[in-house]
Amino acid sequence: MADASRGADIPAGADSGGVLSAYTRLLVAQIRSQTQYRLSFLADVVSTCLMSLLDIVAVLVLFRVTPALGGFSGRQVLVMAAMALLAFSLSDLLVGNVERLRFYIRTGLFDVVLLRPLSALGQLLVIDFAPRRTGRVVQALVILAVALFLVDIDWSVARVAILVVTPLAGSLIFASIFVAGATVAFWWVESGELANAFTYGGRDFTTYPVSVYSGWFRRLFAYGLGFAFVAYYPALFLLDVPDPLGAPIWLGWGTPVVALLAMTVAACVWRTGVRHYRSTGS
Amino acid sequence: MGLDVRAFLALTSAGFRRWSTYRQATAAAVFTNSVFGFLKTYVLLAVALGAGGAAVGYDGPMLVSFVWLGQGLIGVVMLWGWTDLADRVRTGDVVADLLRPVNPLWTYLAADLGRAGYATLTRFLIPVAVGLVYFDFFLPTRPASYALFTVSVALAVLVSFTFRYLVNLTAFWLLDVRGVMLLAQLMMGALSGLYLPIRFLPDWCENVLWYLTPFPSMLQAPLDIYVEYGGIGTQLAIVSGQLAWVVVGFTACGWLQRRAAWKLVIQGG
Amino acid sequence: MAYRGPALPQYGFLKVPEGQSRRAVAIIEAEELRKEFVVWRKVGRLRRQRQVVSAVDGVSLRVEQGETLGYLGPNGAGKSTTLKMFTGVLAPSSGRLRVCGLEPVSRRVQLTRQIGVVFGQRSQLWWDLPLRDSFALLRHVFRIPQAEHAARLAQCRELLGLDEFLDTPVRQLSLGQRMRGELTAALLHGPRVLFLDEPTIGLDVVSKQAVRAFLTQLRDQGEVTVVLTTHDLADIERLCRRLVIIDHGRVVHDGSLEALHARYGSRRRVVVDLDAPWEQVPGLSGAVVEAVEAEGHRVTFSLAEGVTAGHVITQLAGYAALRDISIVEPDIEEVIARLYAASDDARSVASG
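Chains as they are written, first to last, in our numbering: chain A, 1 to 282; chain B, 1001 to 1269; chain C, 2001 to 2352.
To be clear, the hints were calculated from the coordinates, so they are not data collected in a lab. Backbone N, C-alpha and C fix where the C-beta goes; we use that ideal spot for every residue, glycine too. Warning: the hint list may mix true and false statements.
What the hints assert, rightly or not - Quick look at which bits of chain A chain B covers, simulated, 3 or more residues with Cβ under 8 Å:
1) 51–59
2) 67–76
3) 194–200
Said to hold, decoys possible - Computed far set for chain A versus chain B, every beta-carbon distance over 10 Å:
4) S47
5) L62
6) L109
7) S119
8) V126
9) A158
10) V160
11) V164
12) S211
13) V212
14) Y223
15) A247
16) P248
17) V269
18) V274
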């Protein structure tokens, strides 16, 4: 699907801004149409906040029952959970609506997407943008702040850098999983739930230290899918605590690299999916 | 009740067959349930380890069984996603249901039992098999436990059905039932023992849930019976509790449905 | 919403790329277009067998700029599949295809600027926002210069009577209103080809007339090529000078409506109502008695090819007891039905 010649035929005198302006307008339109349903909107915000609060409450409840998890204390695990939650909330905000691909394929609306001079993925991300998800991001930020307050961190420039970069890079890792998972719809429209195992499963995985898991399962999720880099290694770096599994501490810097890798793979999977759709109809 | 045994069985078998056509969705659900099974098992095993071998009376193997049977039962008990009645209320088709000489409560129940039957063959057996293969499963020491477990699962399906039915009935009064559904799903998930055993919560919390809400009867109950938590006395108490909730549930459904039918007749829907 | 005089387009509905002469290249060139799907059919109770189904089986077509083409065929004939291939949504299995000189699959984004598509059953408009906003958004999506966009929108507003519902959210529009909005949306960026997939399906009579009047205008201007897929034969009769009929993935007719009638021997009829039945039905030159109904009070004559109605009526005028005469044009439905049947026979002969 070579869209290389996209710019070649824009008429001289097109004064409506660049491609970015097109996406921005679509985004603004989506936000406006969402806020039409004000009561539903409010109810949505409240319930999504409650849902993500549940993750943290779960961690707290577990620590009522045990003093340590995978060799880490409650406050340390809270830092990991909070970082994971922030990364996930960010990615859910940006990319979470790509799950709607199933709906678009089933109703034939994906064809309408293909008939516009914009990238299909770009349109999908913007069309169903859900502003209510910003609530969760704010909430996650607050929880992270509290978690960091409860632990003793020896702050340095490096640590601050990791703190800022990790949630962003981590959200890109989640985003890649979201996109790759949604792509399943191009082949099996009914199996949407499949992706949940890796998107929401990934979120649960990253909430707890990797030392909790073992065997091929850990290898698959932590290293194969790169989830260990979302919160675990960066948290180890922040907390200055050695890895019970023996990995070096500088792996905390690996998150952006893994994110880049993940995005490349997701982009390839997406392209393959669209190509498959265009060769078999639906 | 207007429905004889043969008709009831016919409806049940129809429900079974309907759900057996959702092959892809069932396969995807089984896969997802299994992955989450792995996640939860590892976390809870680490909890048990950190607590010195057992947490609140649950040791490793007990927790393993708790998780995998729980994952298997999600599909059977159907903790979320049932909107059949609410959909029909929204489109107005429910009038046809209420005009029939049979109480729709029983027809929907029959269909749901059919669904639960299909789910038992697929969404229950497969995750349990996976858990058995990969982990150290707890096996009940008393044969009575198996029988009580089966009874408890049946009761759990009934309790869940009545609760879901009640939530769907609110569609008669609320235009947009999505918010209530979301809240109901949240509660059913969190408070029934799906995320973690309820006994991990503080005592007061636990007691409020057991005695004042039907949620533990939907999932935690059969699981606790299986792992023989507390002995035969506790098992029997749990089953009695479930029975009580079944009675309460059906009574509430019957009452609310009469009010709904009344509203339809008086106000014209 | 009356059509008020010929439109004087300042920008017209056509945007001609610089340096490209109007008559140089055919708008659509399809050679031996094929599309095959792999289908898993149930064999017995449990097993599935892999089958290759040919949805489009060697379609060759050449459409010149400015033509208005009717694309017709029974359900499952391959109409939608062909349309999807033309618009770049679906990739052909084999064959050569150029639309506006571009290969649809590899030049998707470029092609979308040159074509407009109206689906009967899928909407391109933004559901929750007023119609006006959809048009504004499309300006940005297609990067249309402000002045051009405004001029085209003004023309469409006038021709289609959009003003009364321009500010209504799309989800509240009737089907007829929505279809008028879709037509506008498809033309705002000045495409060279307009593809319409069942545009009048489900529309009330008034809206149908509005849409047909608009399309007739487009046709008469001769700048935009229109490809119309439809089941509604009245659309075909009124709008299309050229008709392509597709059945089982193959083109079975490509020509004018008259040619269709000629080829399948459809006859015009003269129906005579009598006060009193004839004892003997007169033999007329150039006409054959087709039916006698109502105990002889109604006689239908079928005209031979090339015979005018005037010739037959003149002969009839001599006979008394005529009460009423009417001329019945050949029924296109009947012709098409016969055509489908003929092509079915041809296929079974070929395969049998």
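Worksheet item: Would you say A158 of chain A is clear of chain B, with no C-beta pair closer than or equal to 10 Å?
Response: holds, 30 Å
Item to complete: Three residues minimum, CB to CB under 8 Å: does the segment 194–200 of chain A make the cut for coverage by chain B? Let me know.
Response: holds (count 4)
Discussion item. Is the claim that L109 of chain A lies outside the interface with chain B correct, judged by CB distances over 10 Å?
Written reply: Per Cβ check, L109 of chain A is outside 10 Å of chain B; nearest 21 Å; holds.
Worksheet item: For the segment 67–76 of chain A, do at least 3 residues have a Cβ located nearer than 8 Å to some Cβ of chain B?
Response: holds (count 4)
Item to complete: Take a quick look at L62 of chain A and tell me if its Cβ sits farther than 10 Å from every Cβ on chain B, holds or violated.
Response: violated, 6 Å
Worksheet item: In terms of Cβ atoms, is chain B entirely out of 10 Å range of V269 of chain A?
Response: holds, 18 Å
Discussion item. At 10 Å, judged by beta carbons, does V212 of chain A keep clear of chain B as stated?
Written reply: Not fine: 4 Å to the nearest Cβ puts V212 of chain A too close to chain B.
Worksheet entry | 10 Å cut-off, C-beta based - V274 of chain A kept clear of every residue in chain B | holds, 21 Å
Fill in: Proximity test - 8 Å, beta-carbon atoms, the segment 51–59 of chain A to chain B, at least three hits
holds (count 3)
Item to complete: Verify that the Cβ of V164 of chain A lies farther than 10 Å from every Cβ atom of chain B, and report whether the claim holds or is violated.
Response: Holds: least Cβ distance 28 Å, greater than 10 Å.
Discussion item. Over 10 Å from every CB of chain B: does V126 of chain A meet that, or does the non-interface label fail?
Written reply: Correct as stated: the minimum Cβ-Cβ distance to chain B is 23 Å, above 10 Å.
Worksheet entry | Assertion that V160 of chain A lies farther than 10 Å from chain B (Cβ) | The claim stands: V160 of chain A keeps its Cβ more than 10 Å from every Cβ of chain B (closest is about 30 Å).
Violated hints, listed in ascending order, are 4, 5, 12, 13; each of the other numbered hints is respected by the structure.
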